[in-house]
Amino acid sequence: MSEASSLDGRRAPMDTGTPLTPMVKVEAVVDGRDVPGIRDVILEAGATGFTSVSNVSGFGHHGAHQGSLLFNDRESLTMLITVVPEERAGAVIAGVRRFLDERHGVLFVSETNVSRPEYFT
Amino acid sequence: MAPTPVSALLHAGVVNGAGVLVLKTHPMLAASSAAFVLLFAAGVATAVVATSIMIVRTDVKGSLVWSTAGQMGFMTAQLGAGALAPAFFHLVGHAMYKAAAFLGAGDAISARARRMVRPGRHAPPTLGTRAGSLLIAAGAVAASLIVVDPHLGDAALVLAATFATLSVAAAVSGWVRSVALPAATAWSAALVGAIVLAGAYVAGLAVVEGFVVDEVPFEISAAVGAPGVIAAIAGLLVGVAVVALWPGSSGVALRAWLYTILFRAGAPLAVSDRPGAVAVEPVPSSITTHVATGPDGGAHLTVEQRSRLVADVAAAGSTVAPSWPLTTFVAVNPLGAFVDRPFDEALREGHRWFDADGALPTESYRRLHRDGRLSDAEIDTAIVEHDALFATPWTISLGGNEVDVIEIVRHDLLHGPIGRRSVGGPTGSVHVDRIVTSWCAAFADDDGVAWAMPGRDRGFHDAWRALARHDRAFRQLVGASGLRRLPAVPEHRLDAIAMALDELDVDEADRVDQLRAWLLRTPGWAGFARWCDDWAPADHAGARIRVVDLIAVRAVVEMVAPPEYRTRPLPVEMGAATSRDEVAARLDSVIEVYGAPTGRALDDLHGVLGMLSDSVRAQVLLAAHELRTRDRILGAIDAAAPAAQRSVDEPSTDRTVVEPSTDRTVDDPSTDRTVVEPSTAGLGTGSTIDALQPVPDAQIVCCIDVRSEGLRRQLEQRGTYETFGFAGFFGVPIRWRPLGATTGQARCPVLVTPQHEIVETPLDDAADAHLRRQTLRHGLDEARHHTKTGLGSPFAMAESLGWVSGPLAAARTLRPGSRPAPDRPDRTRALVERERATDVRSGLTLEERTLFAEAIVATIGFRGFAPLVVLCGHGAATVNNPHGSSLDCGACGGAPGGASARVAAEILNDPAVRARLLERSIDVPATTVFVAAEHDTIADSVEFFDLDRLPAEHAAGLAALRRDLAAAGAANAADRSSRLPGRPDRVTRRGGDWAETRQEWGLAGNAAFVIGPRSITAGTDLGGRAFLHSYDAELDTDGRALQTIMTAPLVVGQWISSQYHFSTTAPNVFGAGDKMLHNPVGGVGVLVGPSGGDLASGLPAQSVSVGGSLAHEPVRLHAIIQAPLDRIERIIRSNDGLRSLVEHRWIEVVARPDPSERWSVRRPGGTWVTWWPADASVPESTRTPVASVPSELVTS
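As given, the protein sequences belong to chains A and B, one line each in that order. Each residue of the first sequence is one higher than the last, beginning at 1 in the numbering used here. Each residue of the second sequence is one higher than the last, beginning at 122 in the numbering used here.
Hint data in this document are derived by calculation from the structure and do not stem from the laboratory. Backbone N, C-alpha and C define an ideal beta-carbon position, used for all residues, glycine too. Careful: at least some of the hints might be erroneous.
[Unchecked claim] To give a feel for the contact side, a few chain B residues facing chain A, derived at Cβ under 7 Å:
no., residue
1, E425
2, A436
3, V873
4, A1169
5, G1258
[What the hints assert, rightly or not] Here are a few chain A residues that sit away from chain B, every Cβ distance over 10 Å (derived from the structure):
no., residue
6, E27
7, N72
8, A94
9, E111
10, S115
11, R116
[To be verified] Cβ pair distances, simulated, as ranges:
no., chain 1, residue 1, chain 2, residue 2, range
12, A, S115, B, R1041, 40 to 48 Å
13, B, A958, A, T121, 34 to 42 Å
14, A, F108, B, A958, 34 to 42 Å
15, A, P117, B, D886, 32 to 40 Å
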């Protein structure tokens, strides 16, 4: 990855033939019970929306996490994904990190590009 | 229910004393015209003020109280105007009306539930509706007065005509606005209704007057004649119009001011009795200097700071468990936020944050021991398991003897002095609590009071801020300097919270604790707020108090109030906080019995006693009681099994088992117990499949609810029936929209969000009658509601309706109904198939239906199908019972399970679904029919649904089954009656009795959750103490069914267990108090007593105890599972939530792979220890039933 792709610096949009706008993607995997808390953080920080994938499974710090429970979509892990302009990323990240000081979960931040920036601002 | 007989007596009888006095002494009063003018003026003033307060009250009893005051004012005005006979008519009529209203106050929640499903058109009345209603009412009243002519004098005539017109007009308006009928029909019906109402009123007045004419004259000439009355009424009308219609922002301000004055007048709070300094110190201005202030004087948060604060608020909010509105009671673990830590530690947090105990008072366990219901051996085992210090035998030298340390600890537990209980929870001011809770109650009106809190659409904090400075209690609390500071507090809730935190100098690291402390001063409303934030359905139309708003309101109050009102979290408690004096006293007690310590024994003794604080001692005793309960249940199960299965050697009698610290140990050499590490030993699939059983006449699938156990046991004894236990929503998570309802409601565990709505549709015209009844009932409900809550309309209504409702109330008391008739339509069908492919929310596709069908069959574990398979949900029909939904099916989200059973039966009977099932190797014979039913757990009767579909060849089988079910129900009821107080012959009729506070015991018996085939519990009387979930490990080759059971029904069972547990051990925080004092508020819950306070959460005292005895024995849920241990272990390890519950011992797991092996107890870390009863004398010898409910446990 080039130097220009750090969150602080400006970064050229990916060359895909059509113009794309750089954005920051924040993904958090949390306990289903904590989804409302993270949702509040994301929305209060100025995100215009989010995607929620419930019943995700995997293996990590706390051992294995089984997905797809038949009659319990509150207690398994959920992945929340939001995409924000760089100027709002700091607020989202600060909030989610703070929340994860108290609760279990992981946070991923990455660069991404979107085709309709007006959806995210 | 919430009958409040004392209030009924006061409001019906005592308050009328003055009226009677005036009536009796009227000749004397007549000599003074001033007396009448005074009476009239006082009456009008009282009526206006009290009725105005009444229309802003959201709690049922508060509103009734002020309504009485208003009615008394009206009656006094009647007297002052000389209308003596009408006053008498009012006095008696209102007395009866109010008595009935108080006695039936508990119906408010079910009325709210009805309005939720069938909401009226709540549009404000148009001018046309108002004018039309008034015209019709005036015409009807005038006509009645002319036709009947009750010989009223002028003043009395004006009063009667005016207020009768207002009442009838309100009724007409309420009816026309809400009834779902064509306008012409609605208005015609309204006209007829108005004539009937007006006629009945005037006729009633005339008849009563006729009776009393010798004693009470119709009217005596008073100084306030008709002109005076007319002038007063006109003045009032102008006043109301001015307040209601004053335009612009000054009008808004006027109404905000008046609302607040009235609201606070109705809920007065005395702040003068606050402890400490009375003089209000001005807040030092320096406090605000380090807050960056913006143009509006508010703190400026950067976006990052704000974001972190939002996260902190969310983290603080997650400390409190959600509390569902009582319309759909859902049992929760009140300490659910702490299930990620060990149970003991969570109890400490419970004490720190909620002031809640997790075990009964030590004295209760000592009583159990004295009564022989807790043995020395059980206590010893609990001591050994409590701490590694006691795992190996050692002694202390006392009086020259070596005394076993266990014996010393046991002595201390049973006889050592008990210290004073330390108070937990955040420290703070009850005065601030009361201000906050009173506004919560004002805001949380879901039921449409006549004058709702202004600005509710802006959220709780903003609405409150707009009114706060008018609030007398708030002004008094914060003083003049506080009021001056208020405008400087930022308007935005987050900024306000940030400023408050800043002023309190709370470190960022301690912020969450401070936010928690603010929230948990009022845990009831905090729980409701948590529900609003996280669990309220998206289409929830009622009030939402957000956690952040609740915190913000409190933060603002405390920021501007003097410092002594501030809330602080309790510091973290440092393990065993036993004072030196307490240890010394307990030391003396030991020495007295065993003699003085010698050598270093004193130090040892100090060390041992010092680590056993009072709360730890209570927890050890709780553990001992849990061991006993577990042993009894396992013992009873084993005792019922064939003797061949019990070939394992009996245990030796020395010290009980201790688990090794390493995971790898297979045999523990220190004892003769076998410790099984899951992956190594004895984990085969167990016994071979039994020879095929004969096909039963019918299979009955009941809910896992502990109440099903009795019915199943009784039924099995009466024929060749096979019964199963399965979550009572039958695996179909749906929203159910009953016939005529405008909206559906979730009928599944709250862990699942239903994706599909199933609509009940009529089969033919038979349903029309039901729909007509519903429409009519709704219209009449609304008509009554509008009349009752209006400003001028309640007077004539109460005085006339009382003559009807009074005798009805008497009849209801003398001859209580048997079972409230469920208002269900005949001949309808659950529309299960999706009608339009594009309508993704309604109905189920064939693929979805097949998936559900497969899950049902696989999870229940059918080995074959009987000709008749009954899916039997359950519910409990009660009257006058705010907590009624707590007796319904928990798996259906606090609703009856019949609808879910119908949907599941439709799916399983569907030939297309069966064809698909066959492709998946599930062969449901064509001759097998699934039938839906519902068990009323109070009446112990079973009602069947959709029988018109039943093929004729099943009629005989069904008839036999119904006969046996009736007999089984009767036997079960007789069994239950021995545990309930009151007449045994009325046990099935308690639901219809409006004076009954204890309709049934609900799930109070719950102690264990058995997962396994019925064969392991069949024949054992479990006394309603176990959830029973069917499971057949041999059929579940990939373990998916077990995973589903352990991650959903078992988790829900744990919530229920915890709800009962903490409602019993911490009744003041997690219990809802005495039903007699319940005061339904806003349609969402109950307050205890008319003066408000925190919202009561959890179960009422009558649900867990009777008199001083407990009906619920608080013990942690024991999961008793028959399945390969490695499979259980794998499921526990791979599911976060479940692992947390098990590892931290919120659930104790006991299992065996098959009946030929002994039970093993799972220890944290995943080691399994062979089970032997702690007290070898207890189990297996006889087939005595497990300890039955209620116990002889007595609370202290």
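Outcome of the hint check:
Because the beta carbon of E425 (chain B) sits about 4 Å from the nearest beta carbon in chain A, less than 7 Å, this interface hint is met. Satisfaction of the interface hint for A436 (chain B) is found here, the shortest Cβ-Cβ separation to chain A being roughly 4 Å, below the 7 Å cut-off. A cut of 7 Å between beta carbons decides the hint on V873 (chain B): the least distance to chain A is about 5 Å, and the hint holds. Here the hint on A1169 (chain B) is kept, as its CB sits about 4 Å from the closest CB of chain A, short of 7 Å.
Interface restraint check: G1258 (chain B) against chain A, minimum CB-CB distance 4 Å, threshold 7 Å, status holds. At roughly 16 Å from the closest C-beta of chain B, the C-beta of E27 (chain A) stays outside 10 Å, upholding its exclusion from the interface. Separation of N72 (chain A) from chain B is inadequate, the least Cβ-Cβ distance of about 4 Å not exceeding the 10 Å criterion. A94 (chain A), annotated as away from the interface, has a beta carbon of chain B within 10 Å; the closest lies near 4 Å.
A cut-off of 10 Å between C-beta atoms confirms that E111 (chain A) is not in contact with chain B; the least separation is 20 Å. At roughly 26 Å, the least C-beta separation between S115 (chain A) and chain B is larger than 10 Å, which holds for a residue marked as non-interface. With a least beta-carbon separation of about 23 Å from chain B, R116 (chain A) lies farther than 10 Å from that chain, consistent with its non-interface assignment. For the pair S115 (chain A) and R1041 (chain B), the supplied restraint of 40 to 48 Å holds, since their beta-carbon distance comes to about 43 Å.
Distance hint for A958 (chain B) and T121 (chain A): a CB-CB separation of about 37 Å, consistent with the stated range 34 to 42 Å. Checked against the given bound of 34 to 42 Å, the beta carbons of F108 (chain A) and A958 (chain B), roughly 38 Å apart, stay inside it. Between P117 (chain A) and D886 (chain B) the beta carbon distance is about 59 Å. The supplied range of 32 to 40 Å is therefore violated.
Checked against the numbered hints given earlier, the structure breaks hints 7, 8 and 15 and satisfies all the rest.
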